[in-house]
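J.: To convert, count from 1 in the sequence shown and add 24; that's my numbering.
Honestly, the hints are just simulated from the structure, not real lab data.
A portion of the hints provided could be inaccurate.
Said to hold, decoys possible - List time: in silico DSBU-like cross-link candidates among lysine-lysine, alpha-carbon distance up to 35 Å:
id : residue 1 : residue 2
1  : LYS32     : LYS97
2  : LYS68     : LYS97
3  : LYS68     : LYS32
To be verified - Label pairs and their calculated CB-CB ranges:
id : residue 1 : residue 2 : range
4  : ASP27     : MET133    : 28 to 34 Å
5  : ALA93     : LYS68     : 17 to 23 Å
6  : PRO136    : THR69     : 19 to 25 Å
7  : VAL109    : LYS68     : 17 to 23 Å
8  : GLU103    : GLU45     : 33 to 39 Å
Built from N, CA and C at the ideal position, the CB exists for glycine as well.
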Amino acid sequence: MPDTIFDKILRREIPARVAYEDEHVLAFHDVNPQAPVHVLFIPKTPIATLNDVQPGQAELVGRLVLAAAAFAKREGFAEAGYRTVFNCNQDGGQSVYHIHLHLLAGRRMAWPPG
Numbered sequence: 025m026p027d028t029i030f031d032k033i034l035r036r037e038i039p040a041r042v043a044y045e046d047e048h049v050l051a052f053h054d055v056n057p058q059a060p061v062h063v064l065f066i067p068k069t070p071i072a073t074l075n076d077v078q079p080g081q082a083e084l085v086g087r088l089v090l091a092a093a094a095f096a097k098r099e100g101f102a103e104a105g106y107r108t109v110f111n112c113n114q115d116g117g118q119s120v121y122h123i124h125l126h127l128l129a130g131r132r133m134a135w136p137p138g
């Protein structure tokens, strides 16, 4: 898998506004936010797309979801609500090929998303 900007963030080669970190997950604020709160949750193990997730990595993907929920509770907007999104490949809107969970909050979300 080619190096991505997220790999550089993981190695601390470029700065990021870290919002959450544990042994398996790093989360940081999006540089082009689409909501008042827009945080990206990435696994520390690189996986290019959701299509590349192997059965043995399901727990790692679950950790992204649990980290996002913990962050929402800690920041106080879990009860008001938030949106989580995975984009997959070009037509799905994926621009960085290292899976990441978008957490968007701080405003009412519309449906369909666009």
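J.: Please go over all the hints and tell whether each is borne out by the structure.
T.: Structure-based check of all given hints:
1. With a C-alpha separation of about 28 Å, the suggested pairing of LYS32 with LYS97 holds against the 35 Å cut-off.
2. Only pairs whose Cα atoms come within 35 Å are accepted, and LYS68 paired with LYS97 is accepted, the gap being roughly 22 Å.
3. Annotation: proposed proximity of LYS68 to LYS32 holds, straight-line Cα distance about 11 Å (limit 35 Å).
4. Checked against the given bound of 28 to 34 Å, the beta carbons of ASP27 and MET133, roughly 33 Å apart, stay inside it.
5. Checking the proposed 17 to 23 Å range against ALA93 and LYS68 shows it holds: the Cβ atoms sit about 18 Å from each other.
6. For the pair PRO136 and THR69, the supplied restraint of 19 to 25 Å is violated, since their beta-carbon distance comes to about 32 Å.
7. Between VAL109 and LYS68 the beta carbons are some 20 Å apart, a value that agrees with the proposed interval 17 to 23 Å.
8. For GLU103 and GLU45, the hinted distance range of 33 to 39 Å is not satisfied, since their beta carbons lie about 24 Å from each other.
Of the numbered hints stated above, those contradicted by the structure are hints 6 and 8, listed in ascending order.
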